[in-house]
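Q: Please model the entire structure based on the sequences and the hints provided.
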Amino acid sequence: MTEPLIKIEDLSLGFTAKDGRQAPILRGLSLELAPGETLGIVGESGSGKSTVALAMMGYLKPGLSVFRGRAVFDGNDMFALPEKQRARLRGSSIALIPQNAGQALTPTLKIGQQIGEALRLHTALTAGERGIKVLELLNRVRLPSPEDIAKRYPHELSGGQQQRAAVAMALAGNAKALLLDEPTTGLDVTTQAHILEFLRSLAKELGVAMIYVSHDLGVIARAADRVAVMYAGMLVEEGPTAEVLRAPNHPYTRGLLASIPRLGEPGIPASMPGMPPAVGSELTACAFIDRCPQARTACRDGVPQLERRGGVRVRCPFAGEPAPEHVTALREPQVQEARALELRDVAISYHKPGLMERWLKKPEPAPTVDRAGFILKKGETLGLVGESGSGKSTILRAIAGLAGTRKGSVTLGDGESLNAPVAGRGRETLRKVQMIFQNADASLNPRQSIGEILMAPLKLYFGLKGAEAQARAEALLEAVRLPARYMPRFPGQLSGGEKQRVGVARAFAANPEVTLCDEVTSALDVSVQAAALALLTRLQKENGSSYIFVSHDLAVVRAVSDRVAVLYQGRICETGPAEQVYAPPYHPYTQTLMGAVLEPDPDTAPILLANDMSEKAPPATGCPFQRRCAKRIGSICDTVVPPAQELQSGHVIHCHIQMSGTEAEKIGVAPELLPAE
Amino acid sequence: MRKLIATIASKPSGALGLGLTLFHLVLAVLAPWIAPFDPTVQNADAILLPPNATHWMGTDTLGRDVFSRVVHGGRLAIAVTFSAAVVATLWGGFAGIFFGTVGGRVDEYSMRIADAFLSMPWLLFLLLIISIGGAGPLTIIPTLGFFYGVAVLRVVRGAAMQISARDFVTAAKARGEALWPILTREMFPNLSDILLVEGAMRWSWMLLAFSSLSFLGFGATPPTPDWGLMVAQERGLLSTAPWGVFWPCVALSSLIIGINLLADAVGKALGLDRATAAAV
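From first to last, the protein sequence lines stand for chains P and X.
Numbered per this note's numbering, the first sequence spans residues 1 to 677.
Numbered per this note's numbering, the second sequence spans residues 1 to 280.
With a straight-line cut-off of 25 Å between C-alpha atoms, the simulated DSS-like cross-links for lysine-lysine are: (1) K18(P) / K11(X); (2) K407(P) / K352(P); (3) K176(P) / K133(P); (4) K61(P) / K11(X); (5) K407(P) / K362(P); (6) K173(X) / K407(P); (7) K616(P) / K151(P); (8) K133(P) / K110(P); (9) K3(X) / K18(P); (10) K352(P) / K173(X); (11) K465(P) / K173(X); (12) K61(P) / K18(P); (13) K7(P) / K204(P); (14) K407(P) / K361(P); (15) K3(X) / K268(X); (16) K362(P) / K616(P); (17) K176(P) / K204(P); (18) K616(P) / K110(P); (19) K616(P) / K631(P); (20) K352(P) / K616(P); (21) K176(P) / K61(P); (22) K173(X) / K459(P); (23) K362(P) / K352(P); (24) K268(X) / K61(P); (25) K11(X) / K268(X); (26) K407(P) / K377(P); (27) K268(X) / K18(P).
Calculated from the structure, these hints are not laboratory results.
Model, not experiment: these values are computed from the prediction.
A: Below, the structure is given as structure tokens:
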């Protein structure tokens, strides 16, 4: 066996309190990485995955210190080296590509200058040679027209391009290992798939070792040869990715895999109850014991050792036992006939013409959202899915009265109009529409107690005060499965999942008719996400609520929705019952999205259809997807708004391509639409 | 509160700031008991004495005990500027939160007016108002309070804009809450820290401003013992009897430094970055 490039030996590090007590973040971690190998480090927030990755570079976050163990990179004991040498290795031999590449690039320097600077630091090239090398590197990361890109500033590049530029910079020092911290988090699914494919081929081409740190098993499944699953600062399972994902051994890995919603399986995935032990706490038993379905008294006798089972290392003595089946709970549809909400031909625009534009009578740009129309029935969940900029949140904001509509009508089931913004709505109208926000952290006032937060809508809508409001707030907490003793606590004292529960409880305090869920689970860990989805489903069953569920995650939308609308650039491309939208025939955009989804399954590969580009504004005429569509049929796509083709009951595809029912499998083109010879 | 003070005092600069500020406050309150002489009584037999056993800091041109005058010299300045700082923080803070929350045209136009005030040579303007309204605290407090309030307004409004963009404010707006509960329940609790630090910073600047006024003859009136006034009266003798100028300067500077360090420490203890808090 070749000498490993990175070797971490029994590494423990963490905080040391004033009284000398040690609070470990990593607990005796050992890990090896061969040259050219790709390793995925996966874990939930607080598992220590980023800390391991940084330790490989000999870097510790401020306040941390190494308790014992070593981190060896390419024969250098990183923590024993003087800081100067460590800094030289960093960036040249081992380079970090941080989570948000866009922010990691200096905004005031052109891309070419930044890469040139990295070359000046890490190589002995002359200025002229550097110029050539910059273009070579930009070419290597497959950025179109490198000369042009080199002259641009970071903000002039799209998210995917920024990520590539950051990779080019990391490659400037001829790195032997690249460290990617959540490399695709925050990118659109299609961009994510493109970036990962690119990184994979780059790793092969250059023989660079890559370490991916991610919470997303789908990313790891696609990108890494080996995977290390972290829990509470320890490895719980480590081995070849395909083996681990096909037959997970540790109960935590199993639970994690089971909690991920899949495209092919409708229903709410099983959630893992409980929480990991607090960071830095002392462990006397298996760290996973409180959440483990297979826990027994023997698990209390100290922390289990990492044992080898075939090619895999597992930290559970009972890993060989057959695993209990994780059940995916199928949603029972609660849809009633009555309507809860209807949108008809709605257009929303943020554009405010300036004085000059009005004088010059400049034509208005195409509105952000146009021709949006759908019906939400009582007890139904409508999923709105699309990439960033697809207008899905804008539609929610318009329904909530936070954005004005230009055209069309929004009405509640009883015919009450929602066209007016918040200021023009009566209190009772306001009560009927409630919103749950993406980021529970930002949507709860840090200076208000949970009780105050929940009592605000009770006072506003029902005039409840004092003991009555208190009792109702406690009942709401109970409904979201939080204990009443949380009332005097502040949001900062709650975990991410608990905060989101408070957000849900606040929305339900108003007893709304329509609940708008804006990416409500995207900031949560997967195991918590599954619980949040189950909570929303249960509340729907109990209260007959109607949801509009916005998400960029197709699998999550599939899990909770009765009907789905796919949006691109503020225009609906496809809409229909979830099972029909997620099956052929597809709108070309739906197909692109579906193809780009990364599932935690080693046997699937993404299918990249459309090219990776971000569009700033919708095209003025024709089909919104015209510029990226892989199945463009001709100039008609640019000029004529695609017709709505109704296939089966309620399944509508907006496309010029003929999608006849019988030819559903192979997408045919209507003869009259074929370009003339 | 106790925890806050403990955090402040845990760092040398915070402890120094707290110590200096408290020292001056105690001195000002207990001045009549501490000073060995009446600060206004003149003594023709003891004119311009250098520091000695009886007169620790010497005597001034009128034979008054400099130490007693220095001890008394902060009373009026501290009382006036503290009141003015409260006025500035209250009005500037409220207006800042209001405009930062409301936004839009109202905010836009009001800020241009605020900018106009900020660009005025305020000292000259102050002198104008005082020469019309007289040099009493009742003129100086509102005037100083108003002018410094504009600066507070700008800072708080900037911070309020960031807060009002957060989702919990959006949630309150979407819920249909009226403006007043949004200002008081959602916005203010998240800005009280900045207000506290801002108020302290403005207070220290106002001390300097008030002393300047006194120096120019528009603040404290003789024979009131006041640091600024003392410097003005004794400045001609800087080379022969420097103690008459030196000690009031030491007193004023140490108080201003103390308040600055304290404000800094409070800001850090509350997790505020002074760069963001005081960036006008």
